[in-house]
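Protein chains: 2
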Amino acid sequence: MDRVFGYIAARQEEFVDRLRALCRRPSIAAQGIGLAETAAHVAALMREAGIPSRVIPVEGGAPVVYGAARGTGSRTLLFYNHYDVQPPDPLEEWASDPFAAEIRDGKLYARGAADNKGNLVARICAVEAMLRELGELPVTVRFIVEGEEEIGSVTLPRFVREHPDLVAADACIWESGYRDLQENVVLALGVKGICYVELEATGANRDAHSSVATIVPNPAWRLVWALATLKDRHERILIHGFYDDVLEPTEEEMAQLRRIAAQRDDDAQRRDYGLDRFLLGLSGVELLKRHLFQPTCTICGIASGYSGPGSKTVLPRRAVAKVDFRLVPNQRADDIFEKVQAHLAQHGFADLAVRALGNENPARTPMSAEIVKIVAESARRVYGREPLVFPSMAGTGPMHVLTAPAAIPTVGTGVGYAHSNNHAPNENIRIEDFVDGIKHIAMILHLFGGGR
Amino acid sequence: MDRVFGYIAARQEEFVDRLRALCRRPSIAAQGIGLAETAAHVAALMREAGIPSRVIPVEGGAPVVYGAARGTGSRTLLFYNHYDVQPPDPLEEWASDPFAAEIRDGKLYARGAADNKGNLVARICAVEAMLRELGELPVTVRFIVEGEEEIGSVTLPRFVREHPDLVAADACIWESGYRDLQENVVLALGVKGICYVELEATGANRDAHSSVATIVPNPAWRLVWALATLKDRHERILIHGFYDDVLEPTEEEMAQLRRIAAQRDDDAQRRDYGLDRFLLGLSGVELLKRHLFQPTCTICGIASGYSGPGSKTVLPRRAVAKVDFRLVPNQRADDIFEKVQAHLAQHGFADLAVRALGNENPARTPMSAEIVKIVAESARRVYGREPLVFPSMAGTGPMHVLTAPAAIPTVGTGVGYAHSNNHAPNENIRIEDFVDGIKHIAMILHLFGGGR
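Which chain is which? The protein sequence lines are P and A, in order. Numbered by this note's numbering, the letters in the first sequence go through residues 1 to 452 in order. Numbered by this note's numbering, the letters in the second sequence go through residues 1001 to 1452 in order.
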């Protein structure tokens, strides 16, 4: 691999320039900006690297970029990434234009630098280095690069149903990973699912003067009472059957949580949020266990009536809440949605409208999967330290859509770090992490292909 | 009184012009617009009518217009009115400029026409008619016209404390009254009080990604749980001691409620709000009793996190609710505020900030007071029908501030009607009601002064 690493070192500046060019293309799924152009750009980047590629249209959605290069070995490794980014707002908090891709102090600042263009370009560059320096790949690689991850991968299920052959693989490298506050290399083996619902209560046909609150129903109260039946003050979710399919961590996963807890500084994270204590006063292994293995029920938003300065004596006509359930294996988003509906009806809130606004299933790869050992060993060799393997992320992604049909074991790794500011102003990666990430992917290809 | 009524009939157009001129002056307390100018205008109107007047500055607030004319009899009647108006928004829903005072189909359209300039001018004109036609007044009259009613009469308590002599009277005519959908002349003997509070829960130092809802406290949940302890789904307010000082209606008041219920069409009001049923399925006397004699606890507004279109997976840093308690005799606003604070502390919500944003005590005059009989008899003579005497309004006003210190019996009557649109676009009064209102006040002065 020394030759491959030499190639990477020699072309480091060129690789960074490729990433900057891609970051200069706004590709904002939520606003439908620049998606087709960016897809074409990604396909061209792959071809430049020696990876045959094409842009595949998806009915009603952003196109998917598919790339594939045959290897000498029998195995196939799938890379999942996305070329779309979050909107850059609030613009005024950026120190430089979010699409200028400026480099300062060894860091590349751009919307999408960490999430997810840096990872995508690192992977393409790694394949190029192997191909150019060795003349062949030890394994077949496939790239699936979608353009709707930031809006919930709306049409990815359709793509996977229509092209099962294009996502077939022996293992999958998920979109991202990062180095934490203590510079641990964090790998992750799963994602949570999500069931995002909007609840709406309605009352009179108009906002009324609050003096009629004696006799006119108040939808804000209906909504508050309904929400209060969903979860109690001890954070127990009260929906019948909600926890039925929740998998407890295995012995192996618990052992891993203890290893992670020993490496992590809860207090740093707690102080970063400005909190006196974490929820329920948890810390250490119990905090991690809850964070990674427990589902949630979260009010993401609630609005009714007057919320400006001072007072207004109004009886609102309407009240809306957005509630996000994060799900763990083996919960299913459609089942949870039905249980929420049934719960509200059973508790006398059939008058509330319940709308599904997001729906993804959880996914998790066992600690014992071979690809886990290979990605970890590659990290040891490239980063020179023991990586931290998280049994799951707390976040959500379309892992289930892509990897569940063929039960593909999956590991997330990537070029972010603790202050990458994903989804926030001044998103950035460290150039050094980007280069290490290229090497890491090359080493994974090497070991997964049977190299030593 | 025929001569007085003749004077009024002869000068009807001039009186309407006076009202239009006053309505053309924007005087918006919430925005501090035109208050001093309008106060001067009102004082001049009084002088023009033969009522000595002056504008009295109030430290930190809008000036009060004070007018007084001596009568031959020993008694004093106090008129309470206000020259400020609600903001005219939403402007686009007005058929004519809210400060143009246009007349269409026998109605005068203007912000303030009904609330409260029409009533004020009618009273001034009534006094003028008595003075000019009879050469004297049978009772002394005092006018207190404040400029902050629409923002909660903020400095009126200070004015009353500093000028107790100016508000001394044997009876008081409150600012307003109206003719209902069935053209009943509605008089009212009281107002509810109010205790308006803002509750705020705070969590982390920033909005967070909702994936950390496992471990980071959610102020939206804290607020929902806290609110749910205030009132149950049967509309029972759960604050300890909340109902302790609530007066039940007297036998006389209950008899009056039965008379009102026989005159009223609940269904028309219900349909107007677009409701299948009133709260708790009430109707008739029970509906009225609850409406006029029960306190409320109303969520006027609640806001936290994301409430735009679609979904956003955010864990909010802050949640705020505005809650309005309407109070009945003998509840006291400051006592209720303390009970709300104590309730939240006792129920484990000492972390919530509780701010008082409004504070007025309830007031109610007994049905048996002489001024009630006089105003009712005057209505019979002028309108030719039996008025509907409401033991109280459901709304709030500074009646307690003005009339409680000297226990002045008080009745509300005025020139509005069922579609006057107070606080709404296209506020208006019928010219005919305005003229009848002038006569009604003149008759009250006549009878209160011992006339027959």
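The set of hints was computed from the structure by calculation and includes no laboratory data. One or more of the hints may lead you astray.
To be verified - Straight-line Cα separation of at most 20 angstroms, SDA-like style, residue types lysine to any residue; simulated pairs:
| id | chain 1 | residue 1 | chain 2 | residue 2 |
| --- | --- | --- | --- | --- |
| 1 | P | 312 | A | 1320 |
| 2 | P | 373 | P | 236 |
| 3 | P | 312 | A | 1088 |
| 4 | A | 1312 | P | 312 |
| 5 | A | 1312 | P | 260 |
If you check each hint against the structure, which ones fail?
2, 4 and 5
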